[in-house]
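Participant: In the order they appear, the protein sequences are chains A and B. Each residue of the first sequence is one higher than the one before, starting from 0 at the first, in numbering that gives the first Met the number 0. Each residue of the second sequence is one higher than the one before, starting from 0 at the first, in numbering that gives the first Met the number 0.
Note that these hints are calculated values from the structure, not bench results. Incorrect hints may appear among the rest.
Chain B regions said to be covered by chain A (calculated; three or more residues, Cβ under 8 Å) [stated by the list, open to error]:
id, region
1, 79-91
2, 163-175
3, 238-250
Pairs of lysine to aspartate or glutamate residues, derived as DMTMM-like cross-links and limited to a Cα-Cα distance of at most 25 Å, are as follows [unchecked claim]:
id, chain 1, residue 1, chain 2, residue 2
4, B, K119, B, E140
5, B, K101, B, E140
6, B, K120, A, D246
7, B, K236, B, E177
8, B, K11, B, E81
9, B, K101, B, E132
10, B, K120, A, D41
11, B, K236, B, E190
12, B, K119, A, E211
13, B, K101, B, E177
14, B, K236, A, E211
15, B, K120, B, E6
16, B, K119, B, E6
17, B, K120, A, E306
18, B, K119, B, D80
19, B, K120, B, E93
20, B, K119, B, E5
21, B, K120, B, E46
22, B, K11, B, D171
23, B, K119, A, E201
24, B, K120, B, E132
25, B, K120, A, D15
26, B, K11, B, D70
27, B, K236, A, E201
Cβ-to-Cβ under 7 Å is the rule here; a few derived chain A residues that face chain B [said to hold, decoys possible]:
id, residue
28, V116
29, H134
30, A144
31, R151
32, H155
33, I199
Beta carbons: idealized from backbone N, C-alpha and C, even for Gly.
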Amino acid sequence: MSAAIVGIGATEFSKDSGRSELQLAAEAVRAALADAGLSPSDVDGLVTFAMDANAEIAVAREVGIPSLTFFSRIAYGGGAACATVQQAAMAVATGAAEVVVCYRALNERSGHRFGQVSVAAATAPTSSGVDNGWHYPMGLGTPAATVAMAARRYMHEFGATSADFGRVAVADRRHAATNPNAWFYGRPITLDDHQASRWIAEPLRLLDCCQESDGAVAIVVTSLERARDLAQRPAVVRAAAQGSGPDQYVMTSYYRDDLTGLPEMGVVGRQLWRQAGMGPSDVDVAVLYDHFTPYVLMQLEELGFCERGAAKDFIADGAIELGGRLPVNPHGGQLGEAYIHGMNGIAEAVRQVRGTAVNQVAGAAHVLVTAGTGVPTSGLILAPG
Amino acid sequence: MSRILEETDRLKALGWCGERVARDPVNQPMINNWVEAMGDTHPAYREGLAPPAMVQVWTMRGLHPAPQPDDPLHAMSAVLDEAGFTSVVATNCEQTYHRALKVGELLTVRSRLSDVVGPKKTSLGVGWFVTTESTWFSGEEPVATMLFRILKYQPRPQAAAASPITPVVSRDTAFFWEGTAAGQLRIQRCEACGRLRHPPGPMCPACGATSMGFVVSEGAGTVYSYVVHHHPPVPGKRLPFVVALVELPEGVRVLGEFLGESVEIGRPVRCTFVRVGGFHLPAWEAAA
Ligand SMILES: [Zn+2]
Chain A
0 MSAAIVGIGA TEFSKDSGRS ELQLAAEAVR AALADAGLSP SDVDGLVTFA
50 MDANAEIAVA REVGIPSLTF FSRIAYGGGA ACATVQQAAM AVATGAAEVV
100 VCYRALNERS GHRFGQVSVA AATAPTSSGV DNGWHYPMGL GTPAATVAMA
150 ARRYMHEFGA TSADFGRVAV ADRRHAATNP NAWFYGRPIT LDDHQASRWI
200 AEPLRLLDCC QESDGAVAIV VTSLERARDL AQRPAVVRAA AQGSGPDQYV
250 MTSYYRDDLT GLPEMGVVGR QLWRQAGMGP SDVDVAVLYD HFTPYVLMQL
300 EELGFCERGA AKDFIADGAI ELGGRLPVNP HGGQLGEAYI HGMNGIAEAV
350 RQVRGTAVNQ VAGAAHVLVT AGTGVPTSGL ILAPG
Chain B
0 MSRILEETDR LKALGWCGER VARDPVNQPM INNWVEAMGD THPAYREGLA
50 PPAMVQVWTM RGLHPAPQPD DPLHAMSAVL DEAGFTSVVA TNCEQTYHRA
100 LKVGELLTVR SRLSDVVGPK KTSLGVGWFV TTESTWFSGE EPVATMLFRI
150 LKYQPRPQAA AASPITPVVS RDTAFFWEGT AAGQLRIQRC EACGRLRHPP
200 GPMCPACGAT SMGFVVSEGA GTVYSYVVHH HPPVPGKRLP FVVALVELPE
250 GVRVLGEFLG ESVEIGRPVR CTFVRVGGFH LPAWEAAA
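Isolated chain A, as found in the complex (with noise of 0.2 Å):
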């Protein structure tokens, strides 16, 4: 790869952003630009996933961003996160374009709301539409309800507890306490919060489940050489790739032989470190996809941090917190910061490795974030340039 993340960009995140996605996305694009120190007409191309509601000839106009020469759509929910950076990357590598922004918008909270059972995904009359009904007629039709089912088997096969799923909550939400960005800024929880909450669906309680919100980030991408000369110090994009895996579904991959992996991300996993040249050890901060804390302990093995169900222990003693072995999601994760499908994340992973993230993980050489988990997803390794 010889792409760097140049500009980051987001709005404020919230619950209620009282205005359209659309502008949502131009404000996170514009204030993207803004700090990499380039204009709307240095932009060509524009990236964002399937699943955002801003085309991305409306974004180009509202910025006025006078012509793209590539616009790309990433599918599967927040698999996509990642996915746009390497869109990006790929893009400008082949000389497609040669200034990137990929972007994500949403008003999740005080508009449509993905914790909510989707009848428009139950009844689309495409191959996904007839995947669902497998599941949806049944009563399996909430993100929570599909991570639960694999939450269950991974708990009866490892001996993993609630509470070991409660310290991802606890690690990010003691995060995003001193993260001003964050909504749960100046609000940790204790695990006894956690293990006091109400079940949302059975082995998840509702610290388990990624808050809902509403915002935008942005992203911008050039080649690692137009980096050199622009205002921030550059994000270098060390490895980027995408993942499916076999008999691969959207959320309800029930049907392979094991329950309890994620066997798409270590699709991601395995080009990531061959990309890179490097290994799980060789990572000084991880931004791990966090819409349910079970993913996050899938994750960890799934990608090498440790063996298949040790994860519970890799964890045990506080070493996905700041200060720990693997610091994970120092911004809070979607847990604790926003839900911005994975988006936000990036951005941490470009302030960590610029050094100027507000929990700042000292000498974070190798950052790795990962992307949607439970859908064909992707990842990232950045670096300083």
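Position chain B with the ligand relative to chain A; hints supplied.
Facilitator: Chain B with the ligand alone, transformed into the frame defined by chain A:
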């Protein structure tokens, strides 16, 4: 929103509106109708005394009421209608009676706006609570008061989710649903290599054949994993409910609601079918 707050301040400052005079004095025929409808047989109401709870009846505005521009509830409702809070529901009505009324008394009523609170998120939708206060007079004497509160709200778009979700059926999956309608749990079998597969698809991932048949499962399996769903509500389901992923001896897994009492991994179950919106969905109950 500022318009709502401005109008609230203006109307509150106006205080009591002009009096409205009852169409008729308190009269025995109306009392007779009322106590008959209520099933109240108290003898005093046969002899010229009106039930206190009738107070609102005397000043009702008839079937085709003329607009009354200075009525605070009317004025406030108009502003909220304009702002999109078009639906209304009465939430509180507290009446206080100072004394019983006698036939022949002619009442008047006056109202004022006491409070407008919002916007509030309610189960009906976002809205404003409008509270008014009314006092009835007989001559100069107040005889009853009422605190009346309504919620003026923006109706929420009707979630299409009210009716249960049924599966999308394709050419590749129709045989399965035809099977459940006939009381069979059908597992797709590749006609070329014999591989069993669920959920089914058009092409055998093992051999590439597109000629598909099926076997009828015995319908007996064990719970491989399960979820107890508590939140949020799911169309057509009563909370909480259990969904189980069941492993069949045929080597496939099938997901369905678990209808039994206690669920655990490894529990033997058998297949049953529940009828939902023209479909028969596979479900599981504890095996004897
Ligand atoms: Zn075959």
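Participant: Does each hint hold? Answer for all of them.
Facilitator: Here's how the hints hold up against the structure:
{"no.": "1", "hint": "79-91", "in the structure": "violated (count 0)"}
{"no.": "2", "hint": "163-175", "in the structure": "holds (count 9)"}
{"no.": "3", "hint": "238-250", "in the structure": "holds (count 4)"}
{"no.": "4", "hint": "B:K119 to B:E140", "in the structure": "violated, 38 Å"}
{"no.": "5", "hint": "B:K101 to B:E140", "in the structure": "holds, 13 Å"}
{"no.": "6", "hint": "B:K120 to A:D246", "in the structure": "violated, 43 Å"}
{"no.": "7", "hint": "B:K236 to B:E177", "in the structure": "holds, 23 Å"}
{"no.": "8", "hint": "B:K11 to B:E81", "in the structure": "holds, 19 Å"}
{"no.": "9", "hint": "B:K101 to B:E132", "in the structure": "holds, 23 Å"}
{"no.": "10", "hint": "B:K120 to A:D41", "in the structure": "violated, 44 Å"}
{"no.": "11", "hint": "B:K236 to B:E190", "in the structure": "violated, 38 Å"}
{"no.": "12", "hint": "B:K119 to A:E211", "in the structure": "holds, 19 Å"}
{"no.": "13", "hint": "B:K101 to B:E177", "in the structure": "violated, 73 Å"}
{"no.": "14", "hint": "B:K236 to A:E211", "in the structure": "holds, 24 Å"}
{"no.": "15", "hint": "B:K120 to B:E6", "in the structure": "holds, 21 Å"}
{"no.": "16", "hint": "B:K119 to B:E6", "in the structure": "holds, 18 Å"}
{"no.": "17", "hint": "B:K120 to A:E306", "in the structure": "violated, 47 Å"}
{"no.": "18", "hint": "B:K119 to B:D80", "in the structure": "holds, 16 Å"}
{"no.": "19", "hint": "B:K120 to B:E93", "in the structure": "holds, 23 Å"}
{"no.": "20", "hint": "B:K119 to B:E5", "in the structure": "holds, 18 Å"}
{"no.": "21", "hint": "B:K120 to B:E46", "in the structure": "violated, 49 Å"}
{"no.": "22", "hint": "B:K11 to B:D171", "in the structure": "violated, 67 Å"}
{"no.": "23", "hint": "B:K119 to A:E201", "in the structure": "violated, 31 Å"}
{"no.": "24", "hint": "B:K120 to B:E132", "in the structure": "holds, 24 Å"}
{"no.": "25", "hint": "B:K120 to A:D15", "in the structure": "holds, 13 Å"}
{"no.": "26", "hint": "B:K11 to B:D70", "in the structure": "holds, 12 Å"}
{"no.": "27", "hint": "B:K236 to A:E201", "in the structure": "holds, 16 Å"}
{"no.": "28", "hint": "V116", "in the structure": "holds, 5 Å"}
{"no.": "29", "hint": "H134", "in the structure": "holds, 6 Å"}
{"no.": "30", "hint": "A144", "in the structure": "holds, 5 Å"}
{"no.": "31", "hint": "R151", "in the structure": "holds, 5 Å"}
{"no.": "32", "hint": "H155", "in the structure": "holds, 5 Å"}
{"no.": "33", "hint": "I199", "in the structure": "holds, 5 Å"}
Checked against the numbered hints given earlier, the structure breaks hints 1, 4, 6, 10, 11, 13, 17, 21, 22 and 23 and satisfies all the rest.
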